[in-house]
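*Asks:* Spelled out, the chains give:
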Amino acid sequence: MTTVGKRVLGLAAALVMGLAACSSGGGGGGQEQAGQSLRMWTFKKSHADALNKAAAQFKAKTGISVTVEAVTPDDVFVSKVQSAAQTNGLPDVLEVHASGEDFEMGSSGLLQDLAADVTGDWKQRLLPSTQESGVLTQRKIDSVAADSPIKNGKAGQRFSVPFTAGAFGIVYANKDKLRAAGLDPDTPPKSWEEFLKALEATTGKNQGGLSLGLKISQTGFNWIYQPLAFAYLGKERFHALFGKGTTQGFGSPDGVKTLETYAKLTPYWMPGATTLGIDEADIAFAQGKSAFNVGGTFTLAFLVQNGMTPDKLLAFPIPPSAEGTHKQISMAPLALTGLSVTATTQNREAAIKWIDWVTSPEGAGMVAKESLDLPATDLGTQAEALLGKDLAALQKYFTGPPESAYEAGDDSFFPSDWDQVKPGDLTVRLTPLKEYGPQQAGTELDKVMASMWKSTK
Amino acid sequence: MSTTSVELPARRLREQPPRRAVAARWRRRLVGWAFVAPAVALFLLMGAYTIASGFLLSFAKWNGFTPSWRWVGLGNYADLLYADPSLAADLRRAVGNTAQIMVAVPLLTVAVSLPLAVMLNSITRLRAVLRSVYFLPYVTSGIAVYYAWRYVLAPDGAINLLLGSLGLGSLRQPQGFLGNPDTALPTLIVILVWSSVPVATLLYLSGLQAIDRGIVEAAHIDGAGSWHVMRRIIWPLLRPMTVAIALLGVRDALHGFQIFLIMTNGGPGGHTDVLGLMAYRLAFMKGLAPSLGHASALGWLLFAGAVLLTLANARLLRRVQ
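Line by line, the protein sequences give chains X and S. Residue numbering for the first sequence follows this note's numbering, starting at 85 and increasing by one per position. Residue numbering for the second sequence follows this note's numbering, starting at 47 and increasing by one per position.
Please note that the accuracy of each hint is not assured.
Stated by the list, open to error - Just so you have them, the derived chain X footprint on chain S, three or more residues with Cβ under 8 Å:
#1 221–229
#2 312–318
What the hints assert, rightly or not - Here are a few chain X residues that face chain S, going by a calculated C-beta distance under 10 Å:
#3 Asp-159
#4 Glu-188
#5 Met-189
#6 Ser-227
#7 Asp-231
#8 Asn-236
#9 Gly-356
#10 Lys-506
#11 Thr-527
#12 Lys-531
The set of hints was computed from the structure by calculation and includes no laboratory data. Glycine included, every Cβ here is placed at the ideal spot set by N, Cα and C.
Could you build all of it, start to finish, from the sequences and the hints given here?
*Replies:* Spelled out as C-alpha cells, the structure:
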C-alpha cells in the first residue's frame with residue numbers, strides 16, 4: 085500500500101471510530117444504561133443529603149440510581165441552570181422554587197409538562213393548599229408583565245410537582261433565654277403587644293433581642309410586616325395598601341397605623357441586624373446572640389444544622405396585634421419547592437418514577453425526617469411518626485379559620501413588576517434605622533408602589 | 047513550435063525559483079497563522095463574540111432561558127435613564143454613591159500613598175521589609191479580606207472594642223460601622239483606599255527612584271527646604287504617576303461591586319448601592335425576570351463613562367507633559 089493509501093485508510097478508520105464513539109454516547113447501547121441512572125440538581129444542601137439517602141432506598145426498589153447534587157446559593161443555582169440550558173447539559177430532574185421559578189423555566193422551554201402524569205390519585209396525596217401548585221393558570225399568565233417568559237406558557241400546563249411546603253413569618257425563641265428573662269418558655273405570646281413585652285424582657289436581662297437578616301432588606305417586609313398588617317387590617321384592607329392608584333395605601337391612616345405597630349420593634353433588634361444575611365442571622369441566633377429569630381418553617385433545619393436542638397426552641401407565627409381585626413392568625417402552607425423534569429432528559433419515565441416515589445408518604449417522610457423540612461405530601465396521621473414531634477408541631481400553625489389565614493404565596497394584588505427590595509429598603513429605613521417616621525415611610529412606600537404600577541406594562 | 051520547445055525548459059528554469067519562494071512564503075505564513083490561531087480563536091470566542099453579543103443584548107429583553115430575545119431597540123437605555131421610574135430612581139441613587147467613591151478613593155489614595163512612598167524612599171534600613179508590609183493588603187485582597195473586615199467592623203468587632211478600651215466609647219458604633227447609614231459608605235471608601243494604597247505606593251516609589259538625585263541635591267544646595275523640594279520639584283515630576291493612580295482609582299470605583307455585594311449588599315436601606323452592584327443585581331439577582339438586557343445596557347453606559355474618563359485623562363496627561 086502506498087503512503088497516500090495508508091493515510092486515507094487511517095483517516096477512514098479514525099472517522100469510523102469517532103462516529104462509533106459518538107453514537108454510543110448519544111443513544112444505542114448507552115440508552116439502556118442511562119435509563120437506570122438519573123442526575124438531579126437542588127439548591128438546598130440539606131435536601132441533597134436527604135435525597136441521596138432516599139435515593140439508596142429507591143435504587144433498592146427499582147434499580148434506578150439517582151445522584152443528587154446541591155448547587156448553592158439560589159442565584160448560583162439559577163446561573164448554572166442558565167448556562168447548562170445553553171450547553172445542553174441539564175440534569176434529568178431539578179428542584180425549583182414553586183409557583184414562580186417553575187413557571188418561568190417551563191414557559192422558557194426548559195421543563196416538561198407533567199399535567200398528564202400527575203393524576204387525581206397523585207394529587208390527592210398532597211396537602212390540599214398545594215395540589216395545584218406548579219400548574220400554570222390563565223390568571224397567572226394574564227397577571228405577569230408583558231415581557232415575562234410566562235406569557236409563552238399555556239394554562240393547564242404543570243411544570244412541577246409540589247415537594248416541600250411551609251410558611252414564612254415563623255418566630256423561633258430560645259427557651260433558655262426566655263427562662264433567664266423570667267418568661268414562660270412553653271407559652272408563646274398571644275399578641276404582638278405580648279411579643280414586644282417578651283422582647284423587652286429578654287433585651288433588658290441581656291438575653292438578646294430579635295435577629296433577622298436585614299441585609300436582605302425584604303425579609304423584614306415579607307416575613308414580619310406583611311403578616312402583621314394582614315392580621316391588623318383583614319384581607320381586603322391589606323390588599324388595598326398595594327392597590328393601583330389607591331387612596332387606602334401605606335400613607336393612609338390604615339397604612340400608617342400598621343407601620344407604626346411594626347416600628348415598635350426598633351429598640352429590640354439585635355445590634356447589626358442590617359449587616360446580616362439570612363443565614364448569618366440564623367447562625368447568630370443559634371450562637372445565642374439573640375433570644376428571638378424570624379424565618380420560615382424551613383429555618384428549623386438550618387438551626388439544627390448549626391447546633392440548636394429542637395427541644396430548646398419555641399416556635400410560633402408572627403402574633404397579631406390585639407388592636408387589629410384578627411386576634412388569631414394561621415399561616416396557609418404554600419408549596420415552597422417543586423420537582424421538575426427537564427425538557428432534554430432521555431430518561432423521562434425513570435424521572436417521573438423518582439418524583440412519584442419521593443412525593444409518596446414513604447419517600448417524602450424519609451426526606452423530611454432527614455432534612456427537617458416539611459413535605460408537601462399530606463402525611464395524615466403518620467405525620468408525627470414520620471417527621472418526629474418537633475417538625476410535626478410546626479404543622480399546627482397551618483390550620484385556622486379561612487378569613488384569618490395569611491397566604492404568603494398570594495401575589496395577585498401586586499403590580500406585575502413587583503420588586504420586593506424597594507419596600508424592603510424603605511421599611512429598613514423605618515426600623516431599625518429610624519430615618520423615616522411611619523407617616524413618611526408610608527408616603528415613600530406609596531411612591532414606590534406608584535412607580536412599580538407605572539412600570540407595569 | 048521548435049522555438050517553443052526550446053524556450054519552455056528555459057522558462058521553467060527561470061520560473062522554478064519564484065514558485066519555490068512562493069511556496070516557502072506560504073509555508074512560513076501558515077506556520078505563523080498556526081501559532082497565532084489559538085490566540086485569535088480564543089479572542090474571537092471570548093472577546094469579540096461576547097462583546098458583540100453583550101452589545102446586542104443591551105437592545106433586547108432576555109432572561110437567559112428563552113430561546114429567542116425580544117428586541118426593544120433603545121428601550122433598555124431609556125428605561126434606565128428616565129422611562130422606568132423605578133429603575134431610573136435606582137440609577138440616580140447609585141450614580142450619586144458611585145460619584146462620591148470616584149472622588150474620595152483617588153484623592154485619599156494619593157494622600158496616603160505619596161507620603162508613604164516618600165518615606166520608604168528616604169530610608170535605607172528595613173526598606174524591603176516595610177515595602178512588603180505595605181504591599182500585603184494588595185496580596186491578600188479579595189473576598190476573604192472583605193469577610194474579615196466585616197468581622198472587624200461588626201458591633202462586637204475589634205474596632206468597637208479598641209475604641210472602648212481607649213476611652214473613645216463615644217465613637218463606637220452600636221450597630222456596627224456598616225449598619226449605620228452615616229458610616230457605611232465612608233467605611234467602604236476607607237477599605238477601598240486600604241486596598242488600593244499598595245499599588246499606588248509602589249508606582250510612586252518607582253517614580254521617585256526615577257528622579258535624578260542631582261536635581262534634588264542641587265535644590266538643597268540652593269537652600270530649598272524639604273517641603274519646597276517636595277512641592278516644587280518632586281510633585282510636578284510625579285504628576286503623570288498621580289494621574290495614572292487617580293485613573294486606576296476612578297476605574298475601580300466605576301466597575302467595582304464585590305466589596306459592596308459582600309459587605310453591605312447595597313444596604314443599609316440602599317445607602318451603599320453603586321452602579322457596578324446595580325448591574326450585577328439586574329443580571330443575576332432578579333430571579334428569572336428578563337432583565338439581562340437592562341444589565342447589559344447599564345454595562346455599556348458604564349463603558350461609555352469609562353471611555354470619557356480615559357479621554358479626559360489622556361488630555362490631562364498631554365497637558366501635564
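*Asks:* Tell me the hint numbers this structure goes against, listed in increasing order.
*Replies:* 6 and 11
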